[in-house]
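> If you read the protein sequences in the order shown, they are chains P and D. Once you know that position 261 of the first sequence is 260 in numbering that gives the first Met the number 0, the rest is easy, because the numbers rise by one and skip nothing. Once you know that position 239 of the second sequence is 238 in numbering that gives the first Met the number 0, the rest is easy, because the numbers rise by one and skip nothing.
It is possible that some hints are incorrect.
In silico SDA-like cross-links for lysine to any residue, where the CA-CA straight-line distance does not exceed 20 angstroms [unchecked claim]:
hint: 1; chain 1: P; residue 1: K8; chain 2: D; residue 2: Q271
hint: 2; chain 1: P; residue 1: K129; chain 2: P; residue 2: R57
hint: 3; chain 1: D; residue 1: K248; chain 2: P; residue 2: T14
hint: 4; chain 1: P; residue 1: K8; chain 2: D; residue 2: R266
hint: 5; chain 1: P; residue 1: K403; chain 2: P; residue 2: Q359
hint: 6; chain 1: D; residue 1: K286; chain 2: D; residue 2: P144
hint: 7; chain 1: P; residue 1: K15; chain 2: D; residue 2: T240
hint: 8; chain 1: D; residue 1: K248; chain 2: P; residue 2: A21
hint: 9; chain 1: D; residue 1: K248; chain 2: P; residue 2: A12
hint: 10; chain 1: P; residue 1: K15; chain 2: D; residue 2: S145
hint: 11; chain 1: D; residue 1: K286; chain 2: P; residue 2: P90
hint: 12; chain 1: P; residue 1: K15; chain 2: D; residue 2: L243
hint: 13; chain 1: P; residue 1: K8; chain 2: D; residue 2: D151
hint: 14; chain 1: P; residue 1: K15; chain 2: D; residue 2: R267
hint: 15; chain 1: P; residue 1: K129; chain 2: D; residue 2: S145
hint: 16; chain 1: P; residue 1: K8; chain 2: D; residue 2: H155
Output of the computed footprint for chain D on chain P, the stretches with three or more beta carbons under 8 angstroms from beta carbons of chain D [unchecked claim]:
hint: 17; stretch: 61 to 68
hint: 18; stretch: 71 to 78
hint: 19; stretch: 86 to 96
hint: 20; stretch: 178 to 192
hint: 21; stretch: 260 to 272
Hint data in this document are derived by calculation from the structure and do not stem from the laboratory. It should be emphasised that the depicted structure is a prediction, and the values quoted were computed from it without experimental measurement. Beta carbons: idealized from backbone N, C-alpha and C, even for Gly.
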Amino acid sequence: MIRFANLYKQLDATTKTNQKVAALVDYFSLVDAADAAWATYFLAGNRLSRLIPTRLLRQWAAEAAGIPDWLFEESYHSVGDLAETISLVVPPSQSQSDRSLTDWINTELSPLGQLPPQDQQQRILEIWSKTNTETRFVVMKLMTGGFRVGVSKGLLIRALAKHSGVSPDVIAHRMMGQWEPNRESFEALVNPDETGWEASKPYPFCLANPIPADKNINHLGDSNRYIAEWKWDGIRCQIIRRESQVFLWSRGDMLMENTWPEIEAAAEKIPNGTVLDGEILATNSEGSVLPFDQLQRRIGRKRVGKKLLHEVPVVFHAFDLLELNSEDIRQLPFHSRRERLEVLFERLNDTNLKTTEVVQANQWQDLTEKRSRSRENLAEGLMLKRLDSPYSVGRVQGHWWKWKVAAETIDAVLIYAQKGHGQRANLFTDYTFAVWDGDALVPFAKAYSGLTRQEIQQVDRFVRQNTNDTFGPVRSVTPQLVMEIAFEGIRKSKRHKCGVATRFPRISRWRHDKQPADANTLSDLHRLIESYREPSSDQ
Amino acid sequence: MQPIIEQTSAGLYCPIGDFYIDPSRPVHRAVITHAHSDHARFGSQNYLSSVEGEHLLRLRVNADAEFMFVKYGEVVNRGGVKISLHPAGHILGSSQIRIEHRGQVTVITGDYKLEPDPTCSPWEPISCHHFITESTFGLPIFRWPSQATVQDSINHWWKTNQEEGRCSVLYGYAIGKSQRLLAGLDPSLGPILTHGAVEKGIQAYRDSGLALAPTRYVDQTLTKDLIPKSLVLAVPSAHGTSWLKRFGKISTAMASGWCMMRGWRRRRSMDQGFLISDHVDWPSLLKAVQLADAEMVWVDHGFSQVVARYLNDNGQPAKSIGRGSREENEDEQNINAILSTEAAS
């Protein structure tokens, strides 16, 4: 565990990717396969299931530190990270246990979940008494989840490839799916024999690059070299049909089971040795796509009930064919894959499986016009895919483009601020914005991103100097700063006080030129909602 | 107990003796705890401060003012009020101000720390009726490790960088922190180079009679061959500027109590953070309050509300006098602002 804590420290201490890769390679060469497996598991973003409620951890840490609960909370608001706060307030120990990462997980951490709270507390105190601040931080990170240390999956793959000599593509492929953190899995991951996949393995997803909303489209060349499709907001999904089994994979490398029973059932009609790429969308019987918040009702459920199945029917909209007759056809040009896809789907003839609608247009001008009507179709814009491109791994420039319509914007007034987390600890970075409703400012969105570092410093100083009231960690400030808030969509909501919910709100710029009185009003927001085709309600 | 010190818009004021402590704007008579710019401000007519800090204070304020420099413990009488200065252990010449009137004693700590520091006289406890303390790091997360261990790790970092052909750039405030860092460096490892603002501070320390390891000011005549083995002492505002280009491959580190927080460290995108602070941490602050054994504690500068509440809950009457506008980050900004003007001059 000390080694793993050291690795964490090294990764945390540098912003240079080469140094991070070197630290990882170093670590993998020092530890045994079981430890390497766990390290890979955590760095890939997986976590242990919640072992102990954080409420109890906070309480015990305050007790161990000899401080009242409110003082622990004050500290937490400044530090902005629970594991870090715990590791700092509890006095450091003199001794250090040097058991392996695997030992720690199997004997110290995993059994915790089964114990009654009193025994849990006893064990946690023991853990704190044999860790210094750094190791304790990493242990608490493992327990509280959210293990982020600036290592992307790509970087981890690079390090594993370098360590093992296996090509990065193969590592990426092997890492997809449900990966068990044990010796055998790690040995399989770095096995120099690059043949043999399990039936369930998906392909790495091809991703699109954004075209800035204001950029001239002509730089893409001749429009006839592209296919245009609506860009919906659904769940990206690969359907794997091999050895008479069906697997649905999401982009987060999650195997989706029982969430989309109608699609799983339909996929059984697909011939073996087929892999499809597409998107799951809530779609009514007339074939119109429903808003994302409808689809959201079906996500994260272990079982989908009859009522929901009926209210939110879903359809898999296929846009690519990656494997046909057990043959990897990703290197074929897109137009050939698309032709094969259409032939296949004609034969299938299933209401839950469709190919995406191709937006027909002759020239960019035509497409630009179609794109401008995206909102009426509840789409975010258009997807442009080059007809002669292969299905590439990751975000390769020039193959797939997402061409979104410009976000909606609203000028709003900053009224509340709260300190941020992680890198933004002890800085006021989380803001609540309000619009006018008569003479009153009503909060309508929270936005955490979009300002530059300097601007954040300025707002931070403003908040400290203009606090009128505090509610726990939240500061209410003099309404003075006006910012332009951009968002992707807007709808009515009963859950929000102002009756409006926005999607992906963020700050697009600081309106130094505007006074609070110039900010938008609640009725402006309602007018925006009307401009969408089908205003949906929050049910 | 009627306090002999009161809060005014210009800072702490003693009406009977008619003087201010670390006034925020020009006044007739100022008593200065130490020469950091958020405490020693330009423009007052009369300054009372410690002999140890004379050279540093003269760097900071108007030359045409009247000065009185006293030894630690020496008593000055102002309108029936006895003023004496006692080491605060913060930087060279830093003082706690002890004020006595008719047997009632008030102590204003200024900025202070309890750990030993080879570049200034050590803090000493003073029992008093009324204790006014800073609270820059007044949260239980702040707990300094042994400073000798940290100094060792700085030397180790320097050596590692040398082996990997990188020049080490260590950031600290120009006055106080840099000199303390310098005192902990192992000069046998290689040349120690300095940024202009730091060199000025070091010179003032030398003028005050402190023996510090030799340093080399970075100017046009610096030859390239010195660079890879060297450690550069620079102000934090130099980070990310073109001034650093001359050093080629570098590793950067900051020495500050704020390095305790990972988010703070990462925000500055430095390679390393060394936990060296010239302020009291949580345990020291509580210890100092306990030793002062005062009837009333006022808490200023930093997490004042938190500390005051904690003390009250634990039976020590206390009050926050931290002005709403002054919090942890501003302290840092103040210092950075001054350093950048210094760097420019």
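> Below or equal to 20 angstroms on CA atoms is what counts here, so check P/K15 against D/S145.
violated, 30 angstroms
> Please verify whether D/K286 and D/P144 have alpha carbons no more than 20 angstroms apart.
holds, 16 angstroms
> Hey, P/K8 versus D/Q271, does the alpha-carbon distance stay inside 20 angstroms?
holds, 10 angstroms
> Between the alpha carbons of P/K129 and P/R57, is the straight-line distance 20 angstroms or under?
holds, 19 angstroms
> For the pair we were handed, P/K15 and D/L243, check the Cα-Cα distance against 20 angstroms.
The given pair, whose Cα atoms are some 18 angstroms apart, holds under the 20 angstroms limit.
> If you look at each residue in the stretch 260 to 272 of chain P, do at least three have a Cβ nearer than 8 angstroms to any Cβ of chain D?
Violated - the stretch 260 to 272 of chain P has 0 residues with a Cβ nearer than 8 angstroms to chain D, which falls short of three.
> Keeping to a limit of 20 angstroms between CA atoms, is the pair of P/K129 and D/S145 held or broken?
holds, 19 angstroms
> Going straight from one Cα to the other, do P/K8 and D/H155 come out at no more than 20 angstroms?
Cα-Cα ~16 angstroms, so holds.
> Assess, step by step, whether the Cα of D/K248 is no farther than 20 angstroms from the Cα of P/A12, and give holds or violated.
With Cα atoms ~17 angstroms apart, D/K248 and P/A12 stay inside 20 angstroms; holds.
> Taking beta carbons only, do three or more residues of the stretch 178 to 192 of chain P come closer than 8 angstroms to chain D?
violated (count 0)
> Need the status of pair P/K403, P/Q359: alpha-carbon distance at most 20 angstroms?
Holds, because 17 angstroms separates the two Cα atoms, which is no more than 20 angstroms.
> Is P/K15 close enough to D/T240, meaning Cα to Cα at most 20 angstroms?
holds, 18 angstroms
Checked against the numbered hints given earlier, this structure breaks hints 10, 20 and 21; the rest are met.
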